[in-house]
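Trainee: Below are the chains, spelled out letter by letter.
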Amino acid sequence: MVKKAASKTTKKPTAKKGLDTDRFGPSTIRDEVVLEVKNLQTNFTTKWGTVKACDGISYSVKRGETLGIVGESGSGKSVTALSIMRLIQSPPGEIAGGEVILNGRDILQISESQMTSVRGGEISMILQDPMQALNPVFDINDQVGEAIGIHQKVRGKTRWEKVVDALRKVRIPAAETRAKDYPHQLSGGMRQRVVGAIGISSNPDVIIADEPTTSLDVTIQAAYLRLLKQIQSETGAAIIFITHDFGIVAKMCDRVAVMYAGRIVEMADVREIFNNPLHEYTKALIGSVPKLEEKTGRLPQIDGQPPLLYDLPQGDSFAPRSPLKYDEKDALIRPELIEAKPNHFVQLSRCSVKDFDKYKDKVSYG
Amino acid sequence: MTTKEKVDYSHIPPAVGCSNDGEPIIQVRNIRKWYQVNKALPFIGKIDWLKAVDDVSFDVTPGKTIGLVGESGCGKTTTAKMVLGLEEPTTDGEVPIGQIYFEGEDVKTLTNAGRKEMRRSVQAVFQDPWSSLNPRMRVSTIIAEPLEINTTMTKKERDTRAGDLLGEVGLNPYQGNLYPHEFSGGQRQRIGIARALALNPKLIVLDEPVSALDVSIRAQIMNLLVDLQEEHNLAYILIAHNLATVRYMCHKTAVMYLGVVQEYGDTEAIFAKPTHLYTNALISAALPSHPDIVRDEIVLPGEVVSPVNPPPGDVFMSRTPLEVRKNHIYTKERPPLVEIGKDHYVVETPWSTVTGHDLSEFHLSVDEAM
Ligand SMILES: Nc1ncnc2c1ncn2[C@@H]1O[C@H](COP(=O)(O)OP(=O)(O)OP(=O)(O)O)[C@@H](O)[C@H]1O
Ligand SMILES: Nc1ncnc2c1ncn2[C@@H]1O[C@H](COP(=O)(O)OP(=O)(O)OP(=O)(O)O)[C@@H](O)[C@H]1O
Ligand SMILES: [Mg+2]
Ligand SMILES: [Mg+2]
Chain A
1 MVKKAASKTT KKPTAKKGLD TDRFGPSTIR DEVVLEVKNL QTNFTTKWGT VKACDGISYS
61 VKRGETLGIV GESGSGKSVT ALSIMRLIQS PPGEIAGGEV ILNGRDILQI SESQMTSVRG
121 GEISMILQDP MQALNPVFDI NDQVGEAIGI HQKVRGKTRW EKVVDALRKV RIPAAETRAK
181 DYPHQLSGGM RQRVVGAIGI SSNPDVIIAD EPTTSLDVTI QAAYLRLLKQ IQSETGAAII
241 FITHDFGIVA KMCDRVAVMY AGRIVEMADV REIFNNPLHE YTKALIGSVP KLEEKTGRLP
301 QIDGQPPLLY DLPQGDSFAP RSPLKYDEKD ALIRPELIEA KPNHFVQLSR CSVKDFDKYK
361 DKVSYG
Chain B
1 MTTKEKVDYS HIPPAVGCSN DGEPIIQVRN IRKWYQVNKA LPFIGKIDWL KAVDDVSFDV
61 TPGKTIGLVG ESGCGKTTTA KMVLGLEEPT TDGEVPIGQI YFEGEDVKTL TNAGRKEMRR
121 SVQAVFQDPW SSLNPRMRVS TIIAEPLEIN TTMTKKERDT RAGDLLGEVG LNPYQGNLYP
181 HEFSGGQRQR IGIARALALN PKLIVLDEPV SALDVSIRAQ IMNLLVDLQE EHNLAYILIA
241 HNLATVRYMC HKTAVMYLGV VQEYGDTEAI FAKPTHLYTN ALISAALPSH PDIVRDEIVL
301 PGEVVSPVNP PPGDVFMSRT PLEVRKNHIY TKERPPLVEI GKDHYVVETP WSTVTGHDLS
361 EFHLSVDEAM
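The listed protein sequences correspond, in order, to chains A and B. Letter 53 of the first sequence, counting from 1, is numbered 53 in this note's numbering, and no numbers are missing. Letter 315 of the second sequence, counting from 1, is numbered 315 in this note's numbering, and no numbers are missing.
Be careful, since some hints might not be right.
[As the list claims (entries may be wrong)] The calculated DSS-like cross-link candidates involving lysine-lysine, where the alpha carbons are at most 30 Å apart (straight line), are:
hint, chain 1, residue 1, chain 2, residue 2
1, A, Lys-329, A, Lys-360
2, A, Lys-295, B, Lys-64
3, A, Lys-291, B, Lys-156
4, B, Lys-81, A, Lys-291
5, A, Lys-295, B, Lys-273
6, A, Lys-291, B, Lys-342
7, A, Lys-291, B, Lys-6
8, B, Lys-108, A, Lys-295
[Stated by the list, open to error] Only part of the chain B face toward chain A is listed, based on derived beta-carbon distances under 8 Å:
hint, residue
9, Ser-184
10, Glu-268
11, Ser-289
12, Leu-337
13, Val-338
Worth flagging that the hints you see were computed from the coordinates, not collected in a lab. The C-beta atom is built at its ideal place from N, Cα and C for all residues, glycine as well.
One chain only, chain B, in its complex shape (with noise of 0.2 Å):
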C-alpha cells in the first residue's frame, strides 16, 4: 500500500454539520438526484422531475458510521449510489451542481489511478443476500473475484485470501468450497461482507443489511459489523429503517423525509432530543421493548407524498399538524438545517418541529389522521 500525504481539506464547500474533522473519506455536498419523469417538448412542456434526493450533504469519517433512517422511498439508497459511483449526481439543465469528494478530490476530476483506488475503498453490502450472489459460483471465487479483476494476485493468493476472509467473517474456511446455495441467509450475508472486505476498503455501505435475516441472526451480523468496524477502522453508510438499529449501530444519524435531510447529527444528541416532527413520528411508531413501554403515536396528516414536482417550500408542510402561515419565506424557499445543539441539526420553520410544543399536542386520534 502506497502511504498518502496528509489530505488537503481546505477547498471542501462548507455545509451545515459537516467539517473537516475526522479525516473524511467521502465528502458529500449539495447532491441531487432527479429523475425526469416525462419528456418534456422543448419551449412547451415543463420537465417533470422526480426529485429523490435533492440537497444533501454529509460527511463518511473512519472508524464511524452515519446512518440513514426514513421510509421507503425517501433517497436513502439513491444517496447511497451516489456515492457507491452506480448513480451519477443530476448536474444538468437547471439542476444546481452539487459534488463528492474522496480523500479530499472531487470525483469527477478523478485521475485513473484515482478512481481505481477509490473503487476499491468503497464497498457495499446488500438488503437480500440472497440474490447478490452468484449461484454458479463457489464461494471462495465470489469472495475473490474483487481480487482477481483489481490485483494481480495469483489464484493460489487468491484463494488463501479468500480462506482468510472466510474466517474473518466467522466462516469456516473449508466452506469455500460450496455454492451459495448451501448457506442459510445470515451465512451468505457474511459471504457478502467477506468479499465486501476483500481489497481492504475503507468504507462500505451497509443497505439493510439485517433486514431480511432472520431476528436470532441479525444480532450475530450486526456485532459482526461492529467487531470488522472496530478491527480495521472501517466506516460505514447504513441504510435502515429500523430506528434501533441505527440507535445500536450509527455515531451519526440523518433523518431524510421525501429526499431531504430533516435531522441531522450525533445519533444520541437526536435520540436524546429529537426535534423534528418526522422524526418524533418515526419514533413513536417504533415497535416498545418491552410491553409496560407504551408511546403515544403522533400519527402525521395524509401520506408521504409523492416525490415528483415536490413544493419549492418545506417538503414536511404537507404533513404536519401545525399551521403553515401562508406567505410564509419557507413555503417558497427550502429552510436549511439549523444548529440546534452541540452536533445536533433540524430543518426549522415555524411547523417542523416540536419545539414549544407539548409532544401530547400531536397524539392525533386515527380519524384525524386519514
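Only chain A is shown next, with the shape it has when bound in the complex (with noise of 0.2 Å):
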C-alpha cells in the first residue's frame, strides 16, 4: 500500500472520472423486461403437512434494474430465488405451477442439459460470504477459470486471459499475480471481487445475490454493496437484492417486493414504499429498525411472531399481527395483490391496510 499524502493543501483525494458507480447513483434501467416470474408456485411436502414456501409469487425485473425482495427470515424469499433456479430438490420440494420467463421462453419447460447452461449463464447467484463461495484448495485462476470455461468453451492462453480481465474488471490490483494466489493468501475485500468476478464471468443477464442472515461488518458489507453496483454498471445486468435490512433496500434497490408468508404483501417503487407504505407489514418492517441518523424514540414493534407456513391462517396470514382493528370475518377472506396506484401494488385486506376503504373497488370483496 503507497501512503499517500492527503493534507489540506497538498491533495484532495477526491473520486475518480468514471467511478461514479461508488456513488449509488440511480441505476440505468431500460424499459425491457429481462425476467418475468408469474404466479409461481412451490410446495414442500413435510411430516406437519404441505407448506406452500412460495404461494403465487409474480415479478418482474428490467435491464439495468435492481428488485429487492425483503420479508423476514422464512417467508420463501429463498425458495423463490432457487425455484426461478430450478435448483429446488425434490423431493421434499416441487415447483408446482407457474411460469419463468427469461429472456422471452419458460425456462421452466426447456430441459436439464439446457437449464444447466442458463445457470451460471444468463442467470447467476452470487453470495455475499465469500469464504462460502471459494473453495480453498484451488487456486483463484482455477475457480473463475471454470466458470469461464462452462460458459465460454475456452481453454488455455485464451482462458488465461479471460481470467485475468474478469479479475480486473472488479478492480483487482496486479491480476496477473492474484489469479495464481489461494483464497487464503487474499484479504476479506479481494476475496469478495473474486466471487464477484465468477459471477459476472459469463456475463449474465440476471445476478441473484441471496444475502445470508450473518451480519457482517459494515465496512465489508459496503464493499459488498459498491461491487454489486458496479458489477451492474459494467454488465447492464438485472439484479434481484434478498434481504432482511430495508436499510440496504434504501441503498440499493430501484423497486422493492416485500414477501410475507410465502407471498407479496407489497411491491412498489423503493421511495414510494418508504414514503407512503400501504400494508402494515411494510410499515412494521421499516419502522421497527432504529435510526443512525437521529435518536430514535421508542421503537415501534411488530408483536407476535412469524407464522408457521405449514399451519397457516386460512385467509389473510398477516392478520394476527396486524395492529388494526378488524372483524373475524374478514380475515378469512383470502386478499388479493392489487394496482392501488401506477405500480404500486398491496395485497388489499380489511386486517392489513388501513386504507382498504380507499381501494375496495378494485377487489371482489370490497
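Two chains, two frames, some hints: make the complex.
Mentor: Next comes the structure, spelled out in C-alpha cells:
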C-alpha cells in the first residue's frame, strides 16, 4: 500500500472520473423486461403437511434494474430464487405451477441440460460470504477459469486472459499475480471481488444476490454493495437483491417486493415504499429499525411471531399480527394483490391495509 | 438483601473520560489481554503478542448502557469476558498491570463472599439464542439453574420465580414446561434474558443480543431490554456492530479499533460530532434509513491489520489517508484519549481525526482504496 499525503493543501483525494458507480446513483434501467415470474408456486412436503413456501409469486425485472425482495426469515425469499434457478430439491420440494420467463422463454419448460447452461450463464447467483463461495484447495485462476470455461468454451491461454480480464473488471490490482493465489492468501475484500468476478464471468442478464442472515462488518458490507453496483454498471445486469434489511433496500434498490408467508404483500418503487407504505407489515418493518441519523424514541414493534407455513391462517396470514382492529370474518378472506396506484401493488385486506376502503372497488370482496 | 454502606471510590486510579460519578458498579482501568501466539525460547526469541485488548478503561454505572462498537476482531468480546471474569487480564512478564473494580474493590482482592456477590451481580446474554440454551432441559429449569447454584431456594420457590421471570420477559409462565426447540429465535433470546435476570443482577453484558434475530423481532427485544433497564436500574454493556442499535440503546459509546478505544463519551456527543476518522468511516458505511439519504463513503486505505505485534505508536496509523509524519512521537508512543468536548474524548494525532479537514477530502474512490 503506497501511502499518500492528503493534507489539505497538497492533495484532495476526491473520487476519480468514471467512478460514479460507488456513489450509488440510480442505476440505468432499460425499459426491457429480462425476467418475468408469473404465479410461481413451490411446495414442500413435510411431516406436518404441505408448506407453500412460494405461494403464487409474480414479479418482473428490467435490464439494469435492482429489485429488492425483503421479508423476515422463512417468508420464502430464497425458495423463490431457487425455484427460478430450478435448484429446488425434489423431494421434498416441487415447483407446482407458474412460469419463469427469461429472455422471452419459459425456463421451467426447457430440459435440464439446457438449464445447466442457463444457470451461471444468463442468470447467476452471488453469495455474500466469500469463504462459502470459494474452494480453499484451488487457486483463483482455477475457480474463475472453471466458470469461464463452462460458458465460453475456452481453454489455455485464451481462458487465462479472460480470467485476468475478469479480475481486472472487479478491480483486483496485479491481477496476473493474484490469479495464482489461493483464497486464504487474499484479504476479505479481495475474496469478495473474486466471487464477483465469477458471478459476472458469463455476462449474466440477471444476478440474484441472496444475503445470508449473518451480520457482516459495515465496511465489508459496504464494499460488497459497491461491488454489486459496479458489476451492474459494467454488465447492465438486472439484480434481484434478497435481504432482511430495509437499509440495504434504501441503498441499493430501485423497486421492492415485500414478502410475508410465501406471498408478496406489497410491491412498489423504493421511494414510494418508504414514503407511502400501504400494508401494515411494510410500515412495521420500516418503522421498527433504529435510525443512525437521529436519536430515535421508543421503537414501534411488530408483536407476535412469524407464522408457521404449514399452519397458516386461512385468509390474510398477517392479520394476527396486524395492529388494526378488524372483524374476524374479514381475516378469513384471502386477499388479492391489486394495483392500488400506478406501479404500487398491495395485497388488499381489511385487516392489514388501513386505506382498504379507498381501494375496495378493485376487489370482489370490497 | 444486605444493604451496603456507601462505596468508597477514592482509591480508584483516574482515567480519561471516567469519573467516579453515578456510583459505578464496574470500573475498568487500563486492562489488557495479550495472547502469546508463539512459544519464545528463553533468552532468544522475542514473544509475539496478539494484543486483543490494549489499555482499555471505562466505568459502568447503574441504569446506563455503555456500547462497545467496532469491527470484527477489535476486542469487544474479549473486553466483556474480562469484566465477566471469564478471562483474566494479562499482567505477566512485560505486560503493564491493569485492574477491574467491582463496587470499588479490586476484583483480585475480593473475599469469597465478595466474589460470589460479583458473580450474582454480573450476568450475560449472548448473541446466539440457538446454542446458548441446553436443549435437553425444560425452560423453567434453565431459568432456575442460577438460583439452584447460588441460592437456598426450594424447588417450589424456584419454579415460582421462573414463572415470574417468564412473565417479565413477555412469555407465558406455562411455557416453562417446554423445551428450547419449541421456541422461536426471539423467544429463546427472551429465555436467555430471563435467565440472566434470575439473580437480580446489577449489570448484564449483552454481546450482540439482537443481530442473530429476525428484523421483525429485534425491536421487541431491544424494547424489552430498555424496559427492564428502567424497571430494575440495570447497567448494560452492549456489544454491537450496528451503529444505529448503539445510538438507540447506549448512553455512552466506546469506538474500538485493534484493541484500543479511539473515541469515547456520551453517545449523542459522538454522533453529533464524530471526530475520529475511524468513527467517521464506520458511520459513512452504515446503511441509510431512507433512499434519499446518500452518504458519501469514507473508505480507509488498506484493511484491518493483524493485532499481532501492532506498532508501538498509534494503532490506527496504517489506516489513515492522512500523512503520518516520520518520527512523530505518536509513531513510537501510544497517543492518549483527549477531551474535545463535554463528555467527548478522542485519540488525537495529526492523522487520526477529521478536525481541521473537510470530510469530502476523505471520500476516496474504490480504486484508491484498494
Ligand atoms: N427443504 C425444505 N423442506 C421443507 N421446508 C422447506 C425446505 N426449504 C425451505 N422450506 C421452507 O420454506 C419456507 C421458506 O424458506 P426460505 O428459505 O425461502 O425463507 P427465506 O425467506 O429465504 O428466509 P431467510 O431470510 O431466513 O433466508 C420456510 O418456512 C422453510 O421452512
Ligand atoms: N483465546 C484466544 N487466543 C488468541 N487470540 C484470541 C483469543 N480470543 C480472541 N482472540 C483474538 O483477539 C482479537 C479480539 O477478539 P474478540 O473476540 O474480542 O473480537 P470482537 O471485537 O468481539 O469481534 P467480533 O465482532 O467478531 O465478535 C481477535 O483478533 C481474536 O482473533
Ligand atoms: Mg433465505
Ligand atoms: Mg465478539
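Trainee: Hint by hint, note whether the structure agrees.
Mentor: Here is what the structure says about each hint:
Between A:Lys-329 and A:Lys-360 the CA atoms are separated by roughly 16 Å; this keeps the pair inside 30 Å, and the hint holds. Of the supplied pair hints, the one linking A:Lys-295 and B:Lys-64 holds, its CA atoms being roughly 16 Å apart against a limit of 30 Å. This hinted pair does not check out: A:Lys-291 and B:Lys-156 have alpha carbons roughly 45 Å apart, beyond 30 Å. Distance hint between B:Lys-81 and A:Lys-291 is fulfilled; the C-alpha atoms sit about 29 Å from each other, no more than 30 Å.
The hinted pair formed by A:Lys-295 and B:Lys-273 meets the criterion: a straight-line CA distance of about 14 Å does not exceed 30 Å. The hinted pair formed by A:Lys-291 and B:Lys-342 meets the criterion: a straight-line CA distance of about 23 Å does not exceed 30 Å. About 39 Å separates the Cα atoms of A:Lys-291 and B:Lys-6, which puts this hinted pair outside 30 Å; it is violated. Between the alpha carbons of B:Lys-108 and A:Lys-295 the distance comes to roughly 39 Å, so the proposed pair goes past 30 Å and is violated.
Proximity of B:Ser-184 to chain A holds as hinted, the smallest CB-CB distance being about 5 Å (cut-off 8 Å). With 8 Å as the threshold, the beta carbon of B:Glu-268 comes within range of chain A, its nearest partner Cβ sitting at about 6 Å, so the hint holds. With a cut of 8 Å, the hint placing B:Ser-289 at the interface with chain A holds, because the nearest CB-to-CB distance is about 4 Å. A cut of 8 Å between beta carbons decides the hint on B:Leu-337: the least distance to chain A is about 23 Å, and the hint is violated.
Hint on B:Val-338 is violated. Least Cβ distance to chain A is approximately 20 Å, over the 8 Å limit.
Violated hints, in rising order: 3, 7, 8, 12, 13; the structure is consistent with all others.
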